[in-house]
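Asks: From first to last, the protein sequence lines stand for chains S and B.
If you're matching positions, the first sequence starts at -5 in the numbering used here and goes up one per residue.
If you're matching positions, the second sequence starts at 862 in the numbering used here and goes up one per residue.
Don't read these hints as lab results, they were simulated from the structure.
It is possible that some hints are incorrect.
As the list claims (entries may be wrong) - Take a look, some chain B residues computed to stay more than 12 Å from chain S by CB distance:
no. : residue
1   : 865
2   : 887
3   : 889
4   : 898
5   : 909
6   : 925
7   : 926
8   : 930
9   : 955
10  : 957
As the list claims (entries may be wrong) - Straight-line Cα separation of at most 30 Å, BS3-like style, residue types lysine-lysine; simulated pairs:
no. : chain 1 : residue 1 : chain 2 : residue 2
11  : S       : -2        : S       : 238
12  : S       : 84        : S       : 17
13  : B       : 951       : S       : 585
14  : B       : 1009      : S       : 17
15  : S       : 382       : S       : 412
16  : B       : 868       : S       : 238
17  : S       : 551       : B       : 953
18  : S       : 238       : B       : 864
19  : S       : 382       : B       : 951
20  : S       : 551       : S       : 564
21  : S       : -2        : S       : 84
22  : S       : 224       : S       : 153
23  : B       : 953       : B       : 965
24  : B       : 1007      : S       : 17
25  : S       : 459       : B       : 951
26  : S       : 383       : B       : 1000
27  : S       : 29        : S       : 84
Since we're looking at a predicted model, the values are computed, not measured.
Glycine included, each C-beta is placed from N, C-alpha and C at the ideal position.
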Amino acid sequence: MSLKRIDLLICCGSGCVSAGALKIKEKFHEVLKEKGISNEINIIETGCMGPCDYGPVMVIYPEGIFYRSVSPDDVPEIVEDHFLKGRPVKRLMMHDPKEQVLSTQKDIPFYQKQVKVALENCGYIDPESVDEYIATGGYEALGTILTTLTPQQTIDVVKASGLRGRGGGGFPTYMKWQMVHDAKAEQKYIICNGDEGDPGAFMDRSLLEGDPHRILEGMMIAAYSIGASKGFFYIRAEYPLAIKRIKLAIEQARGFGLIGENIFDSSFCFDAEVRTGAGAFVCGEEMALIHSIEGSRGNPTPKPPYPAYKGLWDMPTVVNNVETIGNLTTIFLKGADWFASMGTETSKGTKVFALTGDIRNTGLVEVPMGITLREMIFEVGGGITNDKKFKAVQLGGPSGGCLTTQHLDVPVDYETLKEKGAMMGSGGVIVMNDNNCMVNVAKYFLDFSVDESCGKCSPCRIGLKQMYDIMERITSGEGKDGDIEELQRLGEAIKQLSLCGLGQSAPNPVLSTIRYFRDEYEAHIRDKACPTKVCSALMHFDIDKERCIGCSLCARKCPVNCISGSREDKYTIHQIDCVKCGNCLDVCPVKAVNKISGMHQEVLDHLNQPIEEEDH
Amino acid sequence: MYKEICKKFAPTKDNLIYILHEIQDTHPQHYISEEAVDVISDYLGLPANHIYGVLTFYSMYSTSPRGRNIIRLCESPPCYIKGSENILRKLKTLLGVNVGETTKDGLFTLELAACLGVCGNAPVMMINDDVYGDLTEEKIEDIVAKIKGGK
Chain S
-5 MSLKRIDLLI CCGSGCVSAG ALKIKEKFHE VLKEKGISNE INIIETGCMG
45 PCDYGPVMVI YPEGIFYRSV SPDDVPEIVE DHFLKGRPVK RLMMHDPKEQ
95 VLSTQKDIPF YQKQVKVALE NCGYIDPESV DEYIATGGYE ALGTILTTLT
145 PQQTIDVVKA SGLRGRGGGG FPTYMKWQMV HDAKAEQKYI ICNGDEGDPG
195 AFMDRSLLEG DPHRILEGMM IAAYSIGASK GFFYIRAEYP LAIKRIKLAI
245 EQARGFGLIG ENIFDSSFCF DAEVRTGAGA FVCGEEMALI HSIEGSRGNP
295 TPKPPYPAYK GLWDMPTVVN NVETIGNLTT IFLKGADWFA SMGTETSKGT
345 KVFALTGDIR NTGLVEVPMG ITLREMIFEV GGGITNDKKF KAVQLGGPSG
395 GCLTTQHLDV PVDYETLKEK GAMMGSGGVI VMNDNNCMVN VAKYFLDFSV
445 DESCGKCSPC RIGLKQMYDI MERITSGEGK DGDIEELQRL GEAIKQLSLC
495 GLGQSAPNPV LSTIRYFRDE YEAHIRDKAC PTKVCSALMH FDIDKERCIG
545 CSLCARKCPV NCISGSREDK YTIHQIDCVK CGNCLDVCPV KAVNKISGMH
595 QEVLDHLNQP IEEEDH
Chain B
862 MYKEICKKFA PTKDNLIYIL HEIQDTHPQH YISEEAVDVI SDYLGLPANH
912 IYGVLTFYSM YSTSPRGRNI IRLCESPPCY IKGSENILRK LKTLLGVNVG
962 ETTKDGLFTL ELAACLGVCG NAPVMMINDD VYGDLTEEKI EDIVAKIKGG
1012 K
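Chain S extracted, bound-state conformation (with noise of 0.2 Å):
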């Protein structure tokens, strides 16, 4: 291997792949042999870096400059003047508000307060190089457990370090450890879920992608612990690089004697696979992910029994999510007691979260627990994007709920989120402007819920349906006095009576969106209106006639000719059969179409009158 002058990480994660960072690679690849300079720099294909709304991002050391937004085009440019005349290109670095500019990665807000800890290699390391990992500390906390603690010990070390369930449970992750590794059993299991299917999470996708040898390793730490020889990983078939690159991680591992018999001469011997789902949302749950790996449907069981007594093949059975086992080597080498000095009483270490939707800076972050929503939101986040205002973020995806800006100062932790009605979950931020409808948005989600109900138990199956009949019914301005109430009745005994997770968290949304924007579900109900001018049944257009100049470029774009008028009497349009498409707003050159919230007169009477037979 020879030394080479510089190093240029290029981040492929799905996100950036999907916004062409592999043509850029390519494309480098062609320059640097034109100009003849392919043996003095080394490029390296790295996990996600984090910030996905600015890809294809890159960073090259040995200065640590950031590129964003790179295209194919800017490649000869980098080439020649950041390569060979050693002058950065300004142009495709970040910018801070002050149009400042902010040239490596760590002078850039969106990683100053984060703290990488289960991110650590991730868009530092080549996921695909065992050596890259293994240069990076990688397998070091194993071998140092398997040669130096006791299972027990190992076990007491994440009691210490406060760690707890990363998939939305938030269970100890040393309790369900300590069982497995008290039962009796010929055989134990450890199980890594990577089934992540919440809407607005891709943290696992990421670890999984981008730093594949430390899940692994983690996996083996547990398997140690508990007494398991074999693991499964359960990663989703959406996930097709993240099941490649574990699978080559397992090949790579096993190569090197890191898998396989006595495992650094000790007497641990392990060994693992990789199970694909198949789109199914609820084998996220642990009892349902045993399942389907077992070949059935993917459908949950009442528990007890847990998987820590009877689990995959009723063995005694450790699930653990991606990001939890990420989080363990880093807890090996710098301790359990640096790890709990960071967070709140209860939450210890650092939770990655996801940040998407109506934010400047969409993309991975880590961050200590505790920290506020609006430190998250406003600085790691960089703001709501066009300069809208904030109206509220949707925590823990379908399972969560909503908070609003009264909770912006609200430390997030397992307990806090809990007690305002939302939850940390898998670690999903949406957020989201005050263009969006609250009542729409929970009816969304709730929609994702009931597409997703395996329908195995009829409180979950039946009563997410009659709630999703209501909300249609609320947005479509059908809705009745008392919808509301019939709403919280059926989410409380939903969430009662549901045999799992999904059913238990599915009507937050709606619950939290009640509790925090009464006033908009009152206003669909009762006055028969949508504030923010989204429903389309509880909206119309309208032109402004002073303003029409009469020009009939609505007319001629509608879809439905439900717009009629002359340059001389100027242009009307047809509430009822007016289809809500936006068309005319979109086109009018003198802004004289206005969206108008609530019903017009015209339907509001159409709707009225007697309905009349039609004739056949």
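Guided by the hints, dock chain B onto chain S, whose structure is given.
Replies: The following block gives chain B in isolation, referenced to the frame of chain S:
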């Protein structure tokens, strides 16, 4: 043909999901036929109803023929907030099909998917194993045209 695929896996029940994936992926029309179910049933010694139960439980399997390219547009809330509805409308008009249908030339099937996990680049869709993010109506035209051109 189905028999050969089955034989790549040990005849144990837990391999069912893999066998189904492999059969579907290798079929030019990306689906699992009745004939395939019978072969799997024989091979694994499982009743056909168990196989149908599994097959219809998971959203990625299909029991009817589909196009060569399967477009799976994410319909989850983060993509919705970023305008996935417009993308869906565009796809429908561009391809001339509704959700769940296949184009006449057999090139595309349009489907909706629960979260694809690329929410940072919403709205997102996958075509077979490739992810396309930050979708706009113009981008959709481009992507579809490219695949049509490459056939």
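Asks: For each hint, tell me whether it holds in the structure or not.
Replies: Now for the hints, and whether the structure bears them out:
1. 865: The claim holds: residue 865 (chain B) sits with its nearest Cβ about 20 Å from chain S, beyond 12 Å.
2. 887: Residue 887 (chain B) is indeed farther than 12 Å from all Cβ atoms of chain S, at 15 Å.
3. 889: holds (19 Å)
4. 898: Holds: least Cβ distance 14 Å, greater than 12 Å.
5. 909: The assertion about residue 909 (chain B) holds, with a minimum of 14 Å to chain S.
6. 925: holds (16 Å)
7. 926: holds (18 Å)
8. 930: Fine: 15 Å to the nearest Cβ keeps residue 930 (chain B) off the interface.
9. 955: Holds: least Cβ distance 16 Å, greater than 12 Å.
10. 957: holds (16 Å)
11. S:-2 <-> S:238: holds (29 Å)
12. S:84 <-> S:17: The hint holds at about 22 Å.
13. B:951 <-> S:585: holds (25 Å)
14. B:1009 <-> S:17: At roughly 20 Å apart (the allowed maximum being 30 Å), residue 17 (chain S) and residue 1009 (chain B) satisfy the hint.
15. S:382 <-> S:412: With a Cα-Cα distance of about 28 Å, the restraint between residue 382 (chain S) and residue 412 (chain S) holds, given a limit of 30 Å.
16. B:868 <-> S:238: Holds: residue 868 (chain B) and residue 238 (chain S) sit about 22 Å apart, inside 30 Å.
17. S:551 <-> B:953: holds (19 Å)
18. S:238 <-> B:864: It holds: about 25 Å lies between the C-alpha atoms, which stays within 30 Å.
19. S:382 <-> B:951: holds (27 Å)
20. S:551 <-> S:564: holds (16 Å)
21. S:-2 <-> S:84: holds (23 Å)
22. S:224 <-> S:153: holds (23 Å)
23. B:953 <-> B:965: The hint holds at about 13 Å.
24. B:1007 <-> S:17: holds (15 Å)
25. S:459 <-> B:951: holds (29 Å)
26. S:383 <-> B:1000: Answer holds: residue 383 (chain S) to residue 1000 (chain B) is near 29 Å, not above 30 Å.
27. S:29 <-> S:84: holds (22 Å)
Checked against the numbered hints above, the structure violates none of them.
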